[in-house]
Each structure stands twice: as structure tokens, then as C-alpha cells.
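Put chain B on the given structure of chain A with help from the hints.
Chains A and B, in that order, give the protein sequences. Position one of the first sequence corresponds to residue 136 (our numbering), numbered consecutively onward. Position one of the second sequence corresponds to residue 487 (our numbering), numbered consecutively onward.
All the given hints hold, so there is nothing to weed out.
Only pairs whose alpha carbons sit at most 30 Å apart, straight line, appear in this in silico DSSO-like list of lysine-lysine:
{"id": "1", "chain 1": "B", "residue 1": "Lys582", "chain 2": "A", "residue 2": "Lys192"}
{"id": "2", "chain 1": "B", "residue 1": "Lys495", "chain 2": "A", "residue 2": "Lys144"}
{"id": "3", "chain 1": "A", "residue 1": "Lys144", "chain 2": "A", "residue 2": "Lys192"}
{"id": "4", "chain 1": "A", "residue 1": "Lys144", "chain 2": "B", "residue 2": "Lys543"}
{"id": "5", "chain 1": "A", "residue 1": "Lys192", "chain 2": "B", "residue 2": "Lys495"}
What follows is a list of derived Cβ distance ranges for each label pair:
{"id": "6", "chain 1": "B", "residue 1": "Leu532", "chain 2": "A", "residue 2": "Thr249", "range": "24 to 32 Å"}
{"id": "7", "chain 1": "A", "residue 1": "Gly151", "chain 2": "B", "residue 2": "Gly544", "range": "42 to 50 Å"}
{"id": "8", "chain 1": "B", "residue 1": "Pro561", "chain 2": "A", "residue 2": "Ala217", "range": "42 to 50 Å"}
{"id": "9", "chain 1": "B", "residue 1": "Ser592", "chain 2": "A", "residue 2": "Ser204", "range": "42 to 50 Å"}
{"id": "10", "chain 1": "A", "residue 1": "Leu230", "chain 2": "B", "residue 2": "Lys551", "range": "23 to 31 Å"}
{"id": "11", "chain 1": "A", "residue 1": "Ile189", "chain 2": "B", "residue 2": "Leu532", "range": "19 to 27 Å"}
{"id": "12", "chain 1": "A", "residue 1": "Gly198", "chain 2": "B", "residue 2": "Glu577", "range": "19 to 27 Å"}
{"id": "13", "chain 1": "B", "residue 1": "Glu566", "chain 2": "A", "residue 2": "Thr142", "range": "24 to 32 Å"}
{"id": "14", "chain 1": "B", "residue 1": "Gly544", "chain 2": "A", "residue 2": "Pro143", "range": "32 to 40 Å"}
{"id": "15", "chain 1": "B", "residue 1": "Glu565", "chain 2": "A", "residue 2": "Asn205", "range": "40 to 48 Å"}
{"id": "16", "chain 1": "A", "residue 1": "Gly188", "chain 2": "B", "residue 2": "Pro493", "range": "37 to 45 Å"}
{"id": "17", "chain 1": "A", "residue 1": "Asp161", "chain 2": "B", "residue 2": "Gly552", "range": "40 to 48 Å"}
{"id": "18", "chain 1": "B", "residue 1": "Gly552", "chain 2": "A", "residue 2": "Leu230", "range": "31 to 39 Å"}
Heads up, incomplete: computed chain B residues facing chain A, CB under 10 Å, no partners named:
{"id": "19", "residue": "Val490"}
{"id": "20", "residue": "Gln492"}
{"id": "21", "residue": "Lys495"}
{"id": "22", "residue": "Arg529"}
{"id": "23", "residue": "Arg576"}
{"id": "24", "residue": "Val583"}
{"id": "25", "residue": "Gly588"}
Simulated from the structure, these hints should not be mistaken for lab results. Positions of the beta carbon are idealized from the N, C-alpha and C atoms, including for glycine.
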Amino acid sequence: NAGVTQTPKFHILKTGQSMTLQCAQDMNHGYLSWYRQDPGMGLRRIHYSVAAGITDKGEVPDGYNVSRSNTEDFPLRLESAAPSQTSVYFCASILGASGKTRDTQYFGPGTRLTVL
Amino acid sequence: AQRVTQPEKLLSVFKGAPVELKCNYSYSGSPELFWYVQYSRQRLQLLLRHISRESIKGFTADLNKGETSFHLKKPFAQEEDSAMYYCALRETSYDKVIFGPGTSLSVIP
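One chain only, chain A, in its complex shape (with noise of 0.2 Å):
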């Protein structure tokens, strides 16, 4: 298994432009979230889906949107990308989607998005 995967490792956008950052796993896992990491703040999580078709907002939200299409796949798109989110993105995963499971979170490598 590749685990959570993420691409791309790195970009550059300007002030405005849109852009995607993908998330795969291919564990099974049912619940994934969006982190973005910024220095002093810890992460901070955006978005998460607990199952395929159902996602919900996080703690910073706004500016991002997500869908959850499928099982292995949980894309997180800048609509207008402004320099604020310039962060580093992790995309996590845990197996259960529900109840007081005790699984493991997986976090993917990681995006580095500087918006000029």
C-alpha cells in the first residue's frame, strides 16, 4: 500500500488563481481530513469527510472547498487563492468513519503552497 498519497509536493500561485491539491489513500479508510500547518499554530484542520458524499467544515474553512467522490480521493480546491493560505497541507486518514474507534491517524507528505 502507498498509504496517503498527495500531489503536488510544491506550487506557487498567484493572488487569485485556483488550484487543487489532491489526497489518495488506498488503506480503505473511511475518514479523511484537510490540515494546513503554519509555524506557531500547529495544524488546523479545514475539512473532513467521514464517508464517501459526506463532508463536513473543520476549524478554518473558509476559502477551501472539498468533495468526497469516492472512497480514495478527497481533493481540496482554492477557489481564489489568497497569500493567507500560503501553509503547508496535510491530507490525514483513519480507518472507522464513525463511532469511538481508537485507529491510528495517517498523514500523507504534504503540500507546500506559497501564493504570491
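Coordinates of chain B only, in the frame set by chain A:
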């Protein structure tokens, strides 16, 4: 509100010295606590979780509910321990994991 604090942004210790990375949390229920580690240019990975009561790479962490702390300790630091460490709390409702701001550990040879 639930939160996780890590008071030290940067921590430098000499190789062979003991190391303690502090983590405090505020949560009204019974949390599940984790430590994640991120080595340079690598993804985050789970280091340990309090329910396992295990020692990974020589690190241990004990949940102290009275002090609402989950400090990470290692008796003898190694150079390869240099990394970013994040303390995290998962609510019993499951759908939310709260991360602390992180502590960058530098082990000086």
C-alpha cells in the same frame, strides 16, 4: 474550549541529556492524547498514544489528569531525535483532533 498548549517553541538539549517536552490540555471529558513527530522534510507520524502506555524510540508520556498534562520524556536524547513534536488531543466524540502549536527539538552533538 478545548485546547492543547506546548509552552516551548524551541528546545535545545545536548546529546545524552534528558529531555522533556511539555504538553498541557484543557478538556472537560476524557480525552485521548497523542504525540506526533515530524522529522525534517517528512510527514507527521504517530509517536505514541496514552492509551497504549508504550515506549517508542525511548520516549514515554504519562497522562496526568490532575495536572491535565501529557509531557513527553526521554532519559537520554539522541541526535536523531531532532524534529518537530506535536501534542494532540482527540475528543471522545471522535471527529475532532486538536493539535498543539508544536515544539522544535534540537539535540546538540
